[in-house]
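For reference, the chains in residue letters:
There are 2 protein chains.
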Amino acid sequence: MQTLTVELGERSYPIVIGPGLLTDPQSYAGHLGSGRILIITNDQVAPLYLDKLQSALSETDCSSIILPDGEAHKNLETLSLIYDRLLEGRFGRDCTLVALGGGVIGDMCGFAAATYQRGVVFIQVPTTLLAQVDSSVGGKTGVNHPLGKNMIGAFHQPRAVIADTGTLQTLPDQELRAGIAEVIKYGLLGDAEFLLWLENNIDKLLAREDQALAYAILRSCQNKARIVAEDEREGGKRALLNLGHTFGHAIETLLGYGQWLHGEAVGMGMVMAADMSRRLDWISQQDCARALTLIERAGLPTRLPAGLTSDDFLDAMGHDKKVLAGKLRLVLLRALGDATITADFDMAALHATLEHYCRQ
Amino acid sequence: MQTLTVELGERSYPIVIGPGLLTDPQSYAGHLGSGRILIITNDQVAPLYLDKLQSALSETDCSSIILPDGEAHKNLETLSLIYDRLLEGRFGRDCTLVALGGGVIGDMCGFAAATYQRGVVFIQVPTTLLAQVDSSVGGKTGVNHPLGKNMIGAFHQPRAVIADTGTLQTLPDQELRAGIAEVIKYGLLGDAEFLLWLENNIDKLLAREDQALAYAILRSCQNKARIVAEDEREGGKRALLNLGHTFGHAIETLLGYGQWLHGEAVGMGMVMAADMSRRLDWISQQDCARALTLIERAGLPTRLPAGLTSDDFLDAMGHDKKVLAGKLRLVLLRALGDATITADFDMAALHATLEHYCRQ
Numbered sequence: 001m002q003t004l005t006v007e008l009g010e011r012s013y014p015i016v017i018g019p020g021l022l023t024d025p026q027s028y029a030g031h032l033g034s035g036r037i038l039i040i041t042n043d044q045v046a047p048l049y050l051d052k053l054q055s056a057l058s059e060t061d062c063s064s065i066i067l068p069d070g071e072a073h074k075n076l077e078t079l080s081l082i083y084d085r086l087l088e089g090r091f092g093r094d095c096t097l098v099a100l101g102g103g104v105i106g107d108m109c110g111f112a113a114a115t116y117q118r119g120v121v122f123i124q125v126p127t128t129l130l131a132q133v134d135s136s137v138g139g140k141t142g143v144n145h146p147l148g149k150n151m152i153g154a155f156h157q158p159r160a161v162i163a164d165t166g167t168l169q170t171l172p173d174q175e176l177r178a179g180i181a182e183v184i185k186y187g188l189l190g191d192a193e194f195l196l197w198l199e200n201n202i203d204k205l206l207a208r209e210d211q212a213l214a215y216a217i218l219r220s221c222q223n224k225a226r227i228v229a230e231d232e233r234e235g236g237k238r239a240l241l242n243l244g245h246t247f248g249h250a251i252e253t254l255l256g257y258g259q260w261l262h263g264e265a266v267g268m269g270m271v272m273a274a275d276m277s278r279r280l281d282w283i284s285q286q287d288c289a290r291a292l293t294l295i296e297r298a299g300l301p302t303r304l305p306a307g308l309t310s311d312d313f314l315d316a317m318g319h320d321k322k323v324l325a326g327k328l329r330l331v332l333l334r335a336l337g338d339a340t341i342t343a344d345f346d347m348a349a350l351h352a353t354l355e356h357y358c359r360q
Numbered sequence: 001m002q003t004l005t006v007e008l009g010e011r012s013y014p015i016v017i018g019p020g021l022l023t024d025p026q027s028y029a030g031h032l033g034s035g036r037i038l039i040i041t042n043d044q045v046a047p048l049y050l051d052k053l054q055s056a057l058s059e060t061d062c063s064s065i066i067l068p069d070g071e072a073h074k075n076l077e078t079l080s081l082i083y084d085r086l087l088e089g090r091f092g093r094d095c096t097l098v099a100l101g102g103g104v105i106g107d108m109c110g111f112a113a114a115t116y117q118r119g120v121v122f123i124q125v126p127t128t129l130l131a132q133v134d135s136s137v138g139g140k141t142g143v144n145h146p147l148g149k150n151m152i153g154a155f156h157q158p159r160a161v162i163a164d165t166g167t168l169q170t171l172p173d174q175e176l177r178a179g180i181a182e183v184i185k186y187g188l189l190g191d192a193e194f195l196l197w198l199e200n201n202i203d204k205l206l207a208r209e210d211q212a213l214a215y216a217i218l219r220s221c222q223n224k225a226r227i228v229a230e231d232e233r234e235g236g237k238r239a240l241l242n243l244g245h246t247f248g249h250a251i252e253t254l255l256g257y258g259q260w261l262h263g264e265a266v267g268m269g270m271v272m273a274a275d276m277s278r279r280l281d282w283i284s285q286q287d288c289a290r291a292l293t294l295i296e297r298a299g300l301p302t303r304l305p306a307g308l309t310s311d312d313f314l315d316a317m318g319h320d321k322k323v324l325a326g327k328l329r330l331v332l333l334r335a336l337g338d339a340t341i342t343a344d345f346d347m348a349a350l351h352a353t354l355e356h357y358c359r360q
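Sequence lines, in order, name chains A and B. At position 328 of the first sequence (counting the first as 1) the number is 328 in my numbering, and the numbers step up by one without a gap. At position 182 of the second sequence (counting the first as 1) the number is 182 in my numbering, and the numbers step up by one without a gap.
Quick caveat, the hints were computed from the structure, so don't treat them as lab data. Backbone N, C-alpha and C fix where the C-beta goes; we use that ideal spot for every residue, glycine too. Fair warning: there could be bad hints in the mix.
Computed, partial: chain B to chain A, Cβ under 7 Å [said to hold, decoys possible]:
1) THR115
2) MET151
3) ALA214
4) TYR215
Which residues of chain A face chain B? A partial, calculated answer using Cβ under 8 Å [what the hints assert, rightly or not]:
5) CYS62
6) SER64
7) SER80
8) GLU88
9) ALA114
10) TRP197
11) ALA225
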């Protein structure tokens with residue numbers, strides 16, 4: 001078991017990583033509010049882990065709500081179901097919400113916790129690799145709007161994140177690979193040494209070797225925690241974490257949420273960001289190929305679905321939060337392991353990248 | 001013109017009070033985000049002030065959304081209209097939301113600002129006395145749920161509050177009186193000197209004398225700002241501001257939002273809190289009568305509508321946020337000008353008060 005503390009002053013919190021944590025009552029001790037507990041989960045995760053979590057929390061007054069699974073349900077309507085449950089159950093301001101599931105559950109549970117009675121305690125129990133390395137760190141919470149992803153949300157830090165690596169053994173292959181996309185992102189954006197480790201160990205991750213997974217989660221969380229601690233409210237440096245996301249969000253918007261997994265869209269987004277960086281001559285053809293190869297070896301898509309046009313794509317990118325004062329800002333690569341956020345690039349390179357991938 | 005600063009570290013903001021501020025471009029200078037502006041107002045206020053505000057902001061890219069008026073529309077559905085407008089208009093994270101109207105508009109606009117893209121700038125231009133002395137100070141934002149008032153919300157501080165006293169000349173009598181209820185609240189809960197001033201000047205307030213109104217707003221804001229600065233996130237002392245509110249919210253819940261104005265319910269709630277404090281022998285019969293008389297002189301209701309039962313009332317109070325760990329906490333009076341929040345009271349006094357007012 002390893003513990004990492006995300007340093008945010010009075011909002012600091014631990015991320016605990018290891019096998020068997022979910023079923024251990026000690027994992028939750030000291031992190032719960034004084035009142036009742038509502039576990040928020042979905043219909044895929046509940047059959048696997050809800051009973052186990054409830055047993056671990058059996059000392060407390062604990063109930064649960066099971067939501068439909070998937071990004072398509074990460075919206076105000078599903079959020080309303082949580083509010084209804086909390087109010088019908090008369091949960092007080094001293095309650096604790098526990099997110100049991102992937103990033104979608106974490107984001108919705110976190111936003112419910114941020115806004116129920118203007119803020120209650122919440123704990124994350126992420127059961128996907130993506131949630132363990134990404135959405136459980138940083139305090140971003142929210143839901144989608146038909147016109148854009150994560151457009152409605154708040155910053156709200158969890159009291160603790162319990163990342164049980166054992167839950168990854170039941171994860172579908174596609175979701176494991178989507179999680180690995182975010183892991184690769186940390187290497188690409190700012191940790192060349194980790195990128196090298198990934199090139200040497202990607203097969204172990206795909207084979208779900210415990211030690212490799214735990215190391216990848218720890219190193220990813222360390223990378224993310226360092227960046228978030230420096231820039232909690234996303235003024236500057238934190239935006240680097242969006243490597244692959246502006247392209248990725250556009251893909252999700254165009255396809256409709258739920259077609260591709262978020263991590264798959266981010267993986268494809270990183271391919272496009274690397275390609276554009278190469279066209280700008282910021283990275284070499286060789287480095288671009290290294291990035292592409294690693295993403296390919298992770299079993300992630302490296303081509304867009306047929307039927308997208310570069311005009312639609314550009315339009316969808318305009319709805320992204322990274323558009324500041326009408327100017328498109330992108331996270332691009334200065335080198336492998338060194339990303340930068342900038343609005344200062346030749347639009348021709350963007351057009352060429354979009355044309356290339358939309359025509360493939 | 002007077003300026004009061006609410007001291008909250010990096011979230012400090014000015015409340016500017018005086019006639020003619022709404023139409024003066026200078027009022028907004030330095031407080032706007034770098035992006036576009038959306039004015040959020042309602043169908044009662046828009047015909048009176050929207051053109052004027054837009055003229056004052058004419059240097060900037062400014063548009064507006066006009067919502068239906070009233071507490072009954074302070075809900076997730078109306079909030080969605082704001083999100084839709086922002087996303088359809090492609091408002092960026094650098095936008096500014098301006099609340100033009102009363103407390104309902106301020107609360108909804110503030111919550112939209114707290115949650116749109118995880119937080120954007122907002123400015124309050126309150127046009128009711130209630131909003132000028134209450135909801136524009138303290139950063140509370142939110143919407144109602146069918147099962148409880150303000151149950152969904154966030155703390156989000158405005159960048160500035162522009163309280164134009166001139167707008168009170170067009171305020172309906174009933175709304176003026178509802179605002180005076182909150183003004184009286186500040187005297188009752190912690191400012192005996194101000195309470196005396198109110199007893200001597202209540203007729204001037206009702207006659208809308210400029211100087212009296214400006215003084216009452218300033219003193220109320222000073223009282224509230226002092227308490228909020230000590231307790232931004234409502235851990236303890238801030239709860240004193242809920243004098244009359246637990247009873248009042250129950251009234252609003254039982255009648256359905258929109259039957260009584262919020263200030264009227266609070267006025268009635270203060271009558272009940274004073275009555276209960278007298279039954280507990282915490283204040284004298286004389287002091288209780290003083291409070292009742294002032295509230296009566298302000299033209300506020302001092303009786304409940306027919307048909308409420310004390311059981312329903314108690315049940316509705318159970319949904320209030322002030323219920324901590326299942327125990328009902330109330331703000332009661334130790335003396336005129338000295339309120340306390342406590343769960344340590346004889347329930348018989350509460351029952352007697354409810355029986356008395358429900359049977360009247």
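Here is what the structure says about each hint:
no.	hint	verdict
1	THR115	holds, 5 Å
2	MET151	holds, 6 Å
3	ALA214	violated, 31 Å
4	TYR215	violated, 31 Å
5	CYS62	violated, 15 Å
6	SER64	violated, 19 Å
7	SER80	holds, 6 Å
8	GLU88	holds, 7 Å
9	ALA114	holds, 6 Å
10	TRP197	violated, 32 Å
11	ALA225	violated, 19 Å
In terms of the numbered hints stated before, the structure departs from hints 3, 4, 5, 6, 10, 11, listed from lowest to highest.
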